[in-house]
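Top to bottom, those sequences are chains A and B.
Oh and the first sequence: position 58 is 57 in numbering that gives the first Met the number 0, straight run, nothing missing.
Oh and the second sequence: position 625 is 624 in numbering that gives the first Met the number 0, straight run, nothing missing.
What the hints contain is simulated information worked out from the structure, not anything from laboratory work.
Treat the hints with care, since some could be wrong.
Unchecked claim - In the BS3-like style, the derived pairs of lysine-lysine whose C-alpha atoms are separated by at most 30 Å in a straight line are:
(1) K69/A / K114/A
(2) K162/B / K198/B
(3) K2/A / K274/B
(4) K323/B / K550/B
(5) K87/A / K611/B
(6) K294/B / K308/B
(7) K2/A / K254/B
(8) K162/B / K87/A
(9) K611/B / K146/A
(10) K575/B / K389/B
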Amino acid sequence: MSKFTITVNGQPREVEADDDKPLLWVLREDFGLTGTKFGCGASLCGACTVHLDGQAVRSCSVPVSALNGKPVVTIEGLAQDGQHPLQKAWAELSVPQCGYCQSGQIMSAAALLAKTPQPSDEQINQAMSGNICRCGSYPRIRAAIHKAAGSS
Amino acid sequence: MLKFLPQTSRRDFLKVLGLGAAGLVVGCTGSPPASPGTPVSSATPSPAAQLEELNHFVKIGADDRVTVVVKHSEFGQGSSTGLTAIVAEELDADWSQMAWEFAPADNKKYANTLMGIQGTGGSSAIANSWQELRLSGAGARALLVAAAAAEWKVPVSEIEVSKGTISHKSGKSSGFGALAAAAARQKLPEKVLLKDPSKFTLIGQPLPRLDGAVKTNGQAQFAIDQSLPGMRIAVMLRPPKFGAKLKKLDDAAAKAVSGVFEIVTVARGVAVIAKDFWTAQKAKRLLQAEWDFTKAEKRGSAELFRDYKKQLKTPGPVARNDGKAEATLAGAAHPVELEYEFPYLAHAPMEPLGCLVDFKNGEVDLYYGAQLQTVDQASAAATLGISQEKVRINSVFGGGSFGRRATPDSDYVVEACSIAKAAKEKTPIKLIWDRTDDLHGGRYRPMSVHRVRGAVGADGKPTAFFHRMVVQSFLADSPFAMMIKDGVDATSVEGSANSDYQIPNFRVEVHMARVGIPTLWWRSVGHTYNAFVMETFVDALAHAARQDPVKFRLAMLPKRSRRRGVLELAVEKAGKPPQGGGRGVAVHESFGSFVAQVVDLEMKGGKPSLLKVVCAVDCGIVINPDQVKSQMESGINYALSAALGEAITLKDGEVEQSNFDAYKVLRLPAAPPIEVFIVESNAAPTGTGEPGVPPLAPALANALFAATGKRITRLPFTLG
Ligand code: FES
Ligand code: FES
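Based on the provided sequences and hints, a complete structural model is requested.
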């Protein structure tokens with residue numbers, strides 16, 4: 000057990016945890032930020048995607064001891080009142096079905112748009128292939144990314 | 000056909016709502032709602048206002064908000080938005096004032112009228128609620144109107160309601176909230192008027208989902224997110240083979256992990272109870288268990304297929320027998336024969352299953368994405384040794400189900416309850432599965448083998464069809480076993496034995512295989528394999544008869560078959576077939592809805608690749624066309640995922656896939672463009688959660704045959 004200070008959504012927060020405890024479980028269990036989801040625990044599904052220093056990472060596979068002071072942004076902190084252009088496009092196009100994968104989908108898409116404001120279909124394929132949606136909302140995810148890109 | 004009742008008597012109305020003649024329940028909620036009970040709406044939640052319950056399904060707050068009580072699960076189908084729209088329509092509410100919340104488990108008030116118990120399945124949420132919720136909305140409206148008439152001292156007939164405003168020509172007007180309390184004291188009039196469908200303003204509109212906001216900002220609450228003070232986390236170690244029993248356990252190392260509270264043995268395995276998930280998982284890996292495999296299923300997929308094929312050679316119980324299929328085939332000049340193989344499939348909902356159990360003082364609260372409330376209530380009660388009334392189910396969003404949450408023996412709920420019962424310290428305990436627990440947890444779509452023979456006469460019309468299959472019945476040995484008649488489980492043969500193709504000699508036989516691998520309904524159930532068999536075999540018959548596959552099908556379909564309309568529409572909308580690739584079609588009825596799909600393949604670098612899928616659906620009156628489209632897209636992608644990648648295989652009785660690296664599901668780059676068209680209809684609404692699934696795989700296989708001449712009879716398959 001060690002003490003860690005992590006900047007999450009702009010706030011420094013303290014936690015005492017095993018060095019190998021994944022960031023995902025620190026966010027969910029220690030900080031109560033349950034918007035980030037657990038789907039596979041092995042970097043295979045993308046449900047746990049957050050931003051670490053602006054990069055999309057799978058928080059299930061990042062030990063809390065490996066953060067090195069880099070800031071973390073979760074779905075709760077992506078934008079004020081959930082009004083990121085992607086979140087708006089997602090709700091307007093009724094992208095979510097069960098909704099379980101969607102935090103991860105949006106975080107992956109947000110990292111893509113931050114670097115590539117007008118992504119092509121091929122760039123969307125690249126950025127989103129690590130995020131599974133069992134409900135098959137893929138056509139709408141693609142459409143919503145294009146929509147948000149057009150409005151941002 | 001639509002049973003449209005323009006007028007309903009008060010007695011019918013009360014019967015539908017399960018209310019006694021004593022009248023309406025008036026209640027109010029004092030404290031602000033806690034997380035599972037928070038109403039879901041597109042608007043920002045307002046502080047809890049006093050709520051008046053106008054009937055079991057409609058609550059109106061002093062702030063004008065109308066909350067619809069949703070008795071069905073919401074795990075993606077969007078029925079919560081559709082059900083809310085039905086009430087809003089009859090109530091003449093404004094869409095912006097609508098919200099919904101989950102119903103508690105209460106079979107008397109909230110049974111699925113098609114099932115007789117409270118539960119969601121068979122794509123029935125809209126179909127069984129249609130009449131009930133129209134009456135609830137209309138009834139609540141009548142009460143509001145009566146209250147306004149009394150207060151304004153004017154005749155009821157002069158009151159108008161529109162977009163949430165009640166008004167009279169004198170200029171008096173009011174919102175719903177101000178009259179809700181008075182309305183709750185009114186008596187229902189003798190007749191409640193339902194709207195003429197031509198006057199619908201919300202039904203038929205592409206309203207955005209009410210849960211769109213909470214499902215994009217991280218606020219949506221699933222079982223895995225539930226929390227109570229003092230809560231502990233449980234994870235389970237289960238035997239590696241189905242049917243094995245624990246022989247010996249060494250849990251010393253696991254117990255020594257700091258943060259582990261208890262290790263308990265329950266019927267389904269060994270549970271570690273710890274302060275958090277990570278600690279529990281670490282301890283679970285340290286458990287040393289020895290298993291007794293005497294009663295375990297030890298066959299692997301290869302042995303099971305071998306045994307199934309042996310059984311396939313022998314006659315089985317008859318599910319349908321028109322004419323003389325065998326004799327006709329014996330005399331046929333060029334009979335067509337194909338054998339099919341389908342693997343076990345996992346549902347793999349995105350949220351690994353779990354349940355929070357708070358068991359104290361002989362009562363229990365369960366927090367999870369419930370699907371068969373009445374069954375789970377009974378199973379939980381039996382497990383905990385309490386009466387059913389002491390089991391409260393607090394429903395939350397389900398992170399997908401596809402049938403997995405509707406288990407006749409309530410598997411994961413019982414597991415969670417048995418851990419809570421065995422735990423010495425009575426704290427709230429949340430069971431969390433991981434992906435391996437999910438994929439190894441059984442309840443698969445059953446594997447099956449099929450032998451089909453058919454023939455076409457000299458006139459080009461099919462003369463005989465003989466379909467024999469070997470498949471496990473998941474109803475056998477379950478509380479639903481009474482649904483098996485004369486050795487035939489109708490869910491095994493659906494999509495084949497009840498086909499409306501006009502073939503004079505038509506025989507279907509089914510062997511119920513006895514295997515120790517637990518199976519379950521999987522999105523569209525028997526249709527998942529029977530639609531594939533039917534629609535690829537019919538394609539093969541058309542090919543043998545040198546006929547166009549669409550015309551061949553139309554010639555076999557009765558004049559009034561609603562399959563005709565969707566097939567014609569899909570083909571028309573698909574336009575010209577691709578150059579150099581291949582086109583396949585399939586059309587199928589399931590759960591009262593009719594769906595046709597056209598799949599186009601193009602050749603890319605010498606390999607077939609998916610160009611697009613065109614889909615036409617007839618599901619009666621459409622509540623929300625955008626949600627119908629969304630469910631078709633979902634069904635198509637779910638089916639495509641299974642067709643091209645998914646299989647649960649066993650070796651020595653042990654499942655070989657442990658996570659999404661080996662259990663290969665569809666990802667975004669492989670998802671094709673999909674176009675969905677809806678057949679206009681005034682038939683009563685039917686479901687869309689499952690019917691989009693069955694036609695996809697056969698249409699894809701038929702397209703592959705058109706492109707390459709290769710007939711696919713084994714799933715999963717690859718395009719290249
Ligand atoms: S939970 Fe992290 S990638 Fe699946
Ligand atoms: S919306 Fe259900 S998994 Fe994506």
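Verification of the hints:
no., hint, in the structure
1, K69/A / K114/A, "holds (18 Å)"
2, K162/B / K198/B, "holds (13 Å)"
3, K2/A / K274/B, "holds (17 Å)"
4, K323/B / K550/B, "holds (26 Å)"
5, K87/A / K611/B, "holds (27 Å)"
6, K294/B / K308/B, "holds (24 Å)"
7, K2/A / K254/B, "holds (24 Å)"
8, K162/B / K87/A, "holds (25 Å)"
9, K611/B / K146/A, "holds (21 Å)"
10, K575/B / K389/B, "violated (62 Å)"
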